[in-house]
Amino acid sequence: TSIDWDLKNFAGIPIASGVYLIHINVPGVCEKVLKWFGVIRPPDLDSF
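Numbering (the numbering used here), first residue to last: 1 to 48.
One should not assume that every hint holds.
The calculated label-pair distances, taken between Cβ atoms and stated as ranges, are [to be verified]:
(1) Ser2 x Ile40: 16 to 26 angstroms
(2) Pro42 x Asp4: 13 to 23 angstroms
(3) Thr1 x Asp44: 17 to 27 angstroms
(4) Leu21 x Leu45: 14 to 24 angstroms
(5) Asp6 x Ser47: 18 to 28 angstroms
(6) Val29 x Trp5: 32 to 42 angstroms
(7) Asp46 x Ser17: 19 to 29 angstroms
(8) Asp46 x Leu21: 33 to 43 angstroms
Keep in mind that the hints were calculated from the coordinates and are not lab data.
We put the beta carbon where it would ideally sit given N, CA and C, even for glycine.
Work out the full structure, taking the sequences as your base and the hints as a guide.
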């Protein structure tokens with residue numbers, strides 16, 4: 001099972017660039033901590 005993330009927070013605002021620690025806990029199955037570094041560039045709408 002997987003979940004796609006559109007890189008927006010719960011309010012629909014794009015997240016900031018930076019280091020993220022993602023904690024996943026499934027009781028009785030597993031627990032995992034992911035380390036993710038994301039750089040999000042603003043779209044360049046003038047080049048289209």
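Results of checking the hints against the structure:
no.: 1; hint: Ser2 x Ile40: 16 to 26 angstroms; result: holds, 21 angstroms
no.: 2; hint: Pro42 x Asp4: 13 to 23 angstroms; result: holds, 22 angstroms
no.: 3; hint: Thr1 x Asp44: 17 to 27 angstroms; result: violated, 35 angstroms
no.: 4; hint: Leu21 x Leu45: 14 to 24 angstroms; result: violated, 32 angstroms
no.: 5; hint: Asp6 x Ser47: 18 to 28 angstroms; result: holds, 23 angstroms
no.: 6; hint: Val29 x Trp5: 32 to 42 angstroms; result: violated, 20 angstroms
no.: 7; hint: Asp46 x Ser17: 19 to 29 angstroms; result: holds, 21 angstroms
no.: 8; hint: Asp46 x Leu21: 33 to 43 angstroms; result: holds, 35 angstroms
When the structure is compared with the earlier hints, violations turn up for hints 3, 4, 6 and for no others.
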